[in-house]
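Turn these sequences into a full structure, and let the hints steer you where they fit.
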Amino acid sequence: MAQKIITVYTDDLTGEEAEEARTHNFSIDGVAYEIDLAPDSYEQMLQAFGPFVKAARKQGKGRKPTGRISVRSSEDTAAIRKWAKENGYSVNDRGRVPADIREAYAKAQQ
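Per the numbering used here, residue 132 is the first one in the sequence shown, and the count goes up by one each step.
What the hints contain is simulated information worked out from the structure, not anything from laboratory work.
We put the CB at the ideal spot given by N, CA and C, even for glycine.
Where hints are given, some of them may not hold.
Unchecked claim - Once the Cα atoms are required to be at most 25 Å apart in a straight line, the calculated BS3-like pairs of lysine-lysine come out as: (1) K213 / K238; (2) K216 / K238; (3) K185 / K238; (4) K238 / K189; (5) K185 / K213.
Said to hold, decoys possible - DEER-style ranges, computed between Cβ atoms: (6) K135 / K216: 38 to 48 Å; (7) K238 / K185: 20 to 30 Å; (8) M132 / D160: 47 to 57 Å.
The structure is reproduced here in structure tokens:
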């Protein structure tokens, strides 16, 4: 007998199926969390955390980025857009930069 396994990716925030959903990690008060989000939901989370991250102090010196939430300035966003275009990604000149492009950019900078 043959079996067929189907994997369904779901955005934890919206509950909707999303093939492009990815797992993201963050921590608050020493408690680590993991959430599966589609790019739009991930961008929404980044924007919600943004003011708090911007006002916060970083812990530890010389640590490499871990893929956790970060806030980018407009200069950083411009650099991401430029890098994306130079590396074959399709990105708009305005609006949100998709999370998958931000992640690819972060990996390329390590």
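Index of numbered hints that the structure contradicts, given in increasing order: none
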